[in-house]
Amino acid sequence: MLLEVRDLSVNYGHIEAIRDISFDVPEGSVVTLIGANGAGKSTTLKTISGLRKVRTGSIVYDGQDLAKVSADRRVQMGISQAPEGRGIFPGMTVRENLEMGAYVRRNRSAAALAPDFERVLTLFPRLAERIKQPAGNLSGGEQQMVAIGRALMAQPRLLLLDEPSMGLAPKLIQQIFRIIEEINAQGTTVLLVEQNAAQALRRAHLAYLLETGEIVRSGTGSELAGDPAVRAAYLGGDV
Amino acid sequence: MHFQYVFDNFASLFIGGLVFGSVYALIALGYTMVYGVLQLINFAHSEVFMFGTFATVWALWLIGADATTMGVALVLSIAFAMVASMITSGGVALLLERVAYRPLLKRGAPRLIALISAIGASFVLSEAMGLRGAIASALGLSDTLGRYVARSRENLGMPTDRTTTVQFELFGYGVTNVNIIVVVSAVLMMVAADQFIRRTRTGRGIRAVAQDPETASLMGVNSTRVIQITFLIGGMLAGAAATLYMLHIGATRYNAGFLLGVKAFTAAVLGGIGNLRGALVGGLVLGVAEGLGAGLFGNEWRHVVAFVLLILILLFRPTGLLGESLGKARA
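From first to last, the protein sequence lines are chains A and B. Residues 1 to 239 in our numbering are what the first sequence lists, from first letter to last. Residues 1 to 331 in our numbering are what the second sequence lists, from first letter to last.
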């Protein structure tokens with residue numbers, strides 16, 4: 001198991017944001033956490049990345065307990081995240097943003113990064129045209145591409161994606177999800193947080209439904225997609 | 001108003017202003033860099049500078065440089081003093097970060113609390129220097145430290161020869177060797193700082209933290225480390241400014257940081273706080289405006305001119321002359 005989350009509780013201020021959640025992310029899979037706004041999905045990802053404090057429970061990555069591992073060290077270990085709202089650096093160019101993704105790598109020479117640039121620019125040809133522009137001038141979809149591409153530049157084993165479809169046009173959403181499948185096919189494990197449950201479940205090997213900080217359903221993507229309660233609440237009745 | 005005087009002495013007032021302005025600019029960089037990464041005005045930065053002025057004099061004493069030191073020996077002595085000053089000021093800045101800020105920010109204290117801590121730290125540092133004689137005698141070190149702790153509350157002068165020589169004439173003003181040294185070294189230091197921020201990995205980490213600290217962590221940037229380095233660089237630049245100030249002015253005292261600190265902070269705000277090049281522009285504009293203002297209204301109006309200028313510019317350009325942050329700047 002690449003990632004094992006056990007009985008994890010995290011507070012946000014004095015409010016319990018997630019309570020006793022447990023889930024697994026097998027190596028090579030696409031796992032999704034779905035649920036409404038405020039269910040605790042983003043908090044879960046931030047805690048895995050080390051940005052939020054664990055109150056109780058444990059996160060084990062590749063057999064190692066992350067309790068005492070700092071956020072920057074986790075990136076070196078292969079956990080990389082494209083955060084909610086993209087979190088691009090607006091004053092840096094697209095190229096500089098992508099280079100920031102490789103910040104933890106030992107060898108950052110142009111030659112060492114060339115294959116990664118090629119991989120990212122093949123996945124997102126649009127970024128090649130924008131490479132010298134300040135990332136702040138890009139459209140929402142392009143910024144999402146920068147965020148995902150930047151996370152890939154760290155050569156992660158586990159890619160955390162927080163709401164990659166948020167605010168994008170339907171056609172672009174399709175495209176982003178296709179690219180996520182491609183990234184997974186290239187060997188990267190993906191943990192995906194989504195409000196767009198239909199798209200996420202279609203691609204996920206394993207899925208968990210979060211409601212007010214607790215996991216209330218789990219199964220394969222198609223199992224959850226077929227669950228009447230999930231269909232009624234998150235899929236608008238038809239998939 | 002002395003229009004005729006300003007007209008007759010324009011070059012002298014202008015160049016004098018540039019010299020002062022480059023010292024302001026170097027100190028302003030420290031304010032603006034720390035603001036960039038922490039959104040915090042490090043009010044104790046003035047004392048970081050003040051420690052540098054003392055380190056400059058003490059370093060010269062230590063190697064026995066005095067009024068008879070001349071030529072190459074003098075140049076090397078001053079260079080040594082500047083290195084000592086940069087190390088001292090850098091060290092004081094690191095200490096400040098560790099003691100006065102990090103414990104507060106780690107616990108999520110509001111910025112206002114850190115600001116009060118900064119003002120407190122400023123008093124502590126300034127008075128520690130002013131009471132060094134009493135502190136040394138309480139520790140029984142008065143004899144060992146001797147002249148280093150004597151007359152703690154009085155002016156301390158440069159021990160080396162301060163005669164300046166005119167190198168060339170510019171619009172009727174004789175530009176001295178010290179004028180050239182101050183302006184050229186200040187500009188070199190600023191270019192080095194600018195290049196460091198633009199080109200190095202750590203520099204890019206600093207920019208990332210300034211733009212978005214949380215995402216910077218997701219990239220693997222160690223923000224504690226980045227903040228430390230920012231304080232260190234700001235401190236070292238203030239240390240360099242301290243030696244240049246001593247070359248130009250020739251004396252310091254325990255509370256010499258206050259006015260310089262306020263002016264440099266003004267320069268940083270004038271140029272656009274958080275913006276490296278803004279600090280440079282702000283410092284030079286402030287220095288020149290002060291110089292010309294002092295000529296026009298009389299020297300006692302120098303500080304009034306500086307702050308009226310600040311208020312006027314902020315009325316029309318609230319974000320300062322170059323008005324964009326370290327984060328948003330394309331640097």
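Accuracy of the hints is not assured; some may be wrong.
Dumping the calculated DSSO-like pairs for lysine-lysine here, alpha-carbon to alpha-carbon at most 27 Å [to be verified]:
| hint | chain 1 | residue 1 | chain 2 | residue 2 |
| --- | --- | --- | --- | --- |
| 1 | B | K106 | A | K171 |
| 2 | A | K132 | A | K171 |
| 3 | A | K68 | A | K53 |
| 4 | B | K106 | A | K53 |
Keep in mind that the hints were calculated from the coordinates and are not lab data. Since we're looking at a predicted model, the values are computed, not measured.
Hints, one by one, checked against the model:
no. : hint            : in the structure
1   : K106/B x K171/A : violated, 43 Å
2   : K132/A x K171/A : holds, 26 Å
3   : K68/A x K53/A   : holds, 11 Å
4   : K106/B x K53/A  : holds, 13 Å
The earlier numbered hint that this structure contradicts is number 1, and it is the only one.
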